[in-house]
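From first to last, the protein sequence lines are chains A and B. Note that the working numbering has the first sequence beginning at 1, numbered continuously upward. Note that the working numbering has the second sequence beginning at 1, numbered continuously upward.
Calculated from the structure, these hints are not laboratory results. Please note: incorrect hints may appear among the correct ones.
What the hints assert, rightly or not - One side only, chain B facing chain A, incomplete, derived with CB under 10 Å:
#1 PHE23
#2 ILE95
#3 ASP150
#4 MET153
#5 ASN221
#6 SER367
#7 PRO368
Just so we're clear, the structure is a prediction, and the values are computed from it rather than from any experiment. Ideal Cβ placement from N, Cα and C applies to all residues, glycine included.
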Amino acid sequence: MHKKVFSQLDEKIYIEKMSNGLQVCILPKKDFNKTFATFTTKYGSIDNQFIPLGEDDYIRVPDGVAHFLEHKMFEKEEGDVFQKFSMNGASANAFTSFTRTAYLFSSTSNFEKNLDVLIDFVQSPYFTEETVEKEKGIIGQEITMYDDNADWRLYFGAIENMFKNHPVKVDIAGTVESISSITKDHLYQCYQTFYHPSNMMLFIVGAVEPEGIMNFIRDNQLARDFDPEEKIERKFEEEPEHVNRTHHELHMDVQVAKCMMGIKSIEKGISGKELMKKELAVNTALDVLFGKTSSHYTSLYKDGLIDDHFSYDFTQENNFGFALIGSNSANPQKLSERIKEIILNEVKEPSITEQQLQSVKKKNIGGFLRSLNSPEFIANQFTRYAFNDMDLFEAVPVLETLTLEDVHEAFSSLVKEDRITSFYILPKENG
Amino acid sequence: MHLDEHKIQQSGLNIRIVKTKKFKTNQFVLKFKSKLSEENVTARALLPYVLQSSTAKWPTTAAFRSHLDDLYGASASVDVNKKGEYHILTFAVDIPNEKYLQDKTPLTEEALDVLNEMVFHPLIEHNAFSSTVVEAEKRTLKQKLKAVKDDKMRYASQRLVEEMCSDEAYSLHPNGIESELESITTEKLYEAYQKMVSEDEVDLYIVGDMEVEQMELLCENKFSLSERKPVQTDSHSVTVEKAKKVVEKQQIKQGKLNIGYRSNTVYGDQDYLSMAVMNGILGGFPHSKLFINVREKESLAYYAASRLESHKGLIVIMSGVDPAKIEKAESIIEQQLEAIRDGDISEQELSQTKAVMTNQMLETLDSPRGIVEVLYQGETAGIPVHINEWFDGIERVSKEDVIKAAHKLIKDTTYVLTATEVAESA
């Protein structure tokens with residue numbers, strides 16, 4: 001176990017890699033009532049082509065398997081795992097993203113018991129044909145619920161516009177058709193490949209004593225048998241640099257139209273500080289251009305093109321990335337034209353000043369500090385960063401060293417005319 | 001569990017300071033409380049957004065936000081909601097504690113200045129707010145009111161309350177009435193503002209690492225409010241003559257089935273915690289009867305839960321169901337309440353529910369805003385919250401108390417949002 005101290009922030013983190021490859025991090029929070037734990041595998045909806053553990057050839061699994069597996073992990077021969085958590089007063093949950101599946105709980109008492117339940121249920125798969133069939137009904141309802149959700153459709157509409165082949169374009173839960181072909185064998189195969197401890201991280205933050213918890217985890221893991229660690233082989237199809245389609249729209253039963261612009265990143269294979277710098281630099285540019293202090297925000301708001309749903313964000317992962325800028329809008333077409341003009345102009349004639357950069361840095365340093373009030377933020381973000389070989393606590397130092405050149409470089413390498421797309425949700429015309 | 005809480009009474013202002021070293025930021029929350037009423041709900045809903053958009057010192061959003069960025073990303077936010085039949089306007093500022101920054105310039109006083117400026121020093125031209133600002137915010141609010149219909153889960157909840165409480169102020173949406181918006185002039189809005197600052201009950205919450213005496217002095221210097229009468233709504237229990245059912249159709253894939261019950265038990269009543277535990281057993285959690293039976297056993301719904309309206313005396317059940325299976329879901333939902341009434345509650349269900357509720361409360365107290373909301377919950381009802389009494393009270397609730405609470409529920413309204421075309425389903 002080694003310790004990293006962040007004295008300015010008054011935080012410490014304890015880290016140990018178990019002999020089976022599992023990474024464990026503990027960040028004690030004094031005065032907190034609760035402890036929050038996440039057990040995460042680096043396996044998400046995009047990992048649909050891979051070589052199963054112990055085999056030689058690539059296979060392709062149905063869309064939505066990672067999410068389906070997440071649901072099924074909670075059901076065991078002796079019943080529902082939620083029950084065990086709530087008997088100890090804990091609340092448990094899970095989520096699947098493009099690149100991760102996380103199981104989590106928070107509790108204010110019986111922490112070790114709950115931790116034992118968490119590790120045990122994630123490390124003991126139990127799937128039967130019958131329970132897999134039954135789950136299709138529940139997930140089917142979940143999918144139709146999202147189908148009616150205009151914001152979700154907008155988000156995925158923009159992503160589908162950007163990507164032609166990359167599995168990021170497929171809804172994380174899959175479709176009613178794709179999940180119909182999922183079998184218990186798919187679940188075991190994905191489980192064996194991606195839930196190996198060496199592909200996972202256990203993060204604990206809150207009212208804990210690190211030494212004792214680390215010993216507990218070490219003993220727990222030593223008592224379990226795992227195959228030796230193997231490198232996971234994933235495959236992604238070639239993706240063109242330009243967007244799949246420059247525009248698409250969908251009519252729904254909504255009152256207010258919505259607009260989402262997507263900018264496709266062609267960056268691939270980056271990780272660590274390089275990735276962190278890229279992400280922070282593009283987000284800084286977006287903050288200057290579209291933040292509430294910007295002249296663009298002021299004029300878009302004044303012209304009635306955006307409302308307080310206006311948002312922007314840039315995410316870069318190891319093999320895909322994109323920026324999204326969108327809002328509810330009285331005139332989505334005009335909004336998309338204006339945004340496109342703003343971002344293309346910024347590439348042609350950089351406008352960001354040193355003062356704006358400093359101001360955004362200050363804002364984001366304070367924002368980071370505020371995030372540290374939240375155990376959920378710390379655990380989720382630390383894990384996401386770690387899976388990309390980054391350290392969450394490096395974010396402020398990297399941010400502080402960003403220069404105007406870095407920001408311009410990152411922004412102009414992202415924004416190209418043929419990598420921009422727009423997606424609208426429009427109210428249905430009568431009938 | 002201990003909250004280091006300090007109460008200070010100043011002219012027209014109740015101040016609560018909770019001292020804690022848990023957080024990296026300090027939180028300041030100012031709450032204005034008035035009766036919810038059709039005449040003023042829309043103007044009041046607009047006010048916080050106009051106030052945060054232009055102050056005398058910072059006349060534009062850009063100027064105001066630049067100032068906040070320079071204060072290391074201090075956040076300023078506003079919120080409009082209802083608690084029972086009270087209309088509550090909230091103004092919050094959260095600012096980093098300079099202890100954790102390299103730059104040690106004190107920020108606490110700055111936060112109070114921001115709050116003071118935002119609420120008490122608006123940009124006023126000729127006894128009215130700026131018309132450009134008001135028009136822009138009217139447009140945004142109009143869009144927001146329209147968009148309620150676009151989130152089907154929220155829309156169904158709102159429609160149920162509208163149908164169920166049609167003769168009560170509670171049926172009003174805290175964000176106001178769309179058709180009233182046009183008639184709100186800048187002068188009328190300014191009148192509503194003056195009424196708000198002179199008549200509303202005002203509470204200030206401060207949570208963080210600071211000195212109480214210093215805060216007291218600062219508040220005295222910054223804020224000058226007139227004395228005012230407490231704001232109170234008339235509590236009344238409602239009888240239900242005949243349960244009603246409302247069915248609405250839209251082009252959607254997933255149906256919504258929401259059922260409203262009268263509990264006639266509100267926060268502070270003797271049986272309030274029994275009702276809260278009853279709600280937990282029925283549908284508050286993933287181990288509750290609704291989740292287990294409607295979702296897990298029958299695979300009928302993706303969500304099925306119940307919620308307690310603590311200051312109004314309602315319990316509302318919400319579910320998202322395949323349109324072809326709404327009737328079946330309805331009967332299974334009702335069976336769950338019947339089961340509780342019949343005493344079909346295991347020792348485990350009772351103890352699990354208490355444990356999870358206790359856990360939830362403790363967790364809420366781990367966030368600055370959570371602390372404020374828990375304390376304000378009691379303040380609104382006129383019954384201060386003593387955290388330890390709450391924990392003891394939950395522990396004392398017996399199975400018999402839960403059964404009794406379940407028998408108090410009277411079904412009032414069922415609201416169904418279903419698809420225009422219902423596909424035959426296997």
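Practice prompt. Would you settle whether the hint for B/ASN221 is holds or violated, based on the nearest Cβ-Cβ distance to chain A being less than 10 Å?
Written response: Violated: closest Cβ of chain A sits about 25 Å from B/ASN221, beyond 10 Å.
Practice prompt. Answer holds if the nearest beta-carbon of chain A is closer than 10 Å to that of B/ASP150; otherwise answer violated.
Written response: Check passed: Cβ of B/ASP150 comes within 4 Å of chain A, closer than 10 Å.
Discussion item. Interface hint check: B/PRO368, Cβ to nearest Cβ on chain A, cutoff 10 Å. Holds or violated?
Written reply: 7 Å, holds
Discussion item. Quick check on the hint: B/SER367 CB to chain A CB, less than 10 Å?
Written reply: OK, holds: B/SER367 within 10 Å of chain A, min 7 Å.
Worksheet item: When the nearest CB of chain A is found for B/PHE23, is that gap smaller than 10 Å?
Response: Holds, because the Cβ-Cβ distance from B/PHE23 to chain A comes to roughly 5 Å (cut-off 10 Å).
Item to complete: Would you check whether B/MET153 satisfies its interface hint, that is, whether its CB is within less than 10 Å of any CB in chain A?
Response: 8 Å, holds
Discussion item. Is the interface hint satisfied for B/ILE95? The criterion is a beta-carbon contact with chain A at less than 10 Å.
Written reply: Holds, because the Cβ-Cβ distance from B/ILE95 to chain A comes to roughly 8 Å (cut-off 10 Å).
When the structure is compared with the earlier hints, a violation turns up for hint 5 alone.
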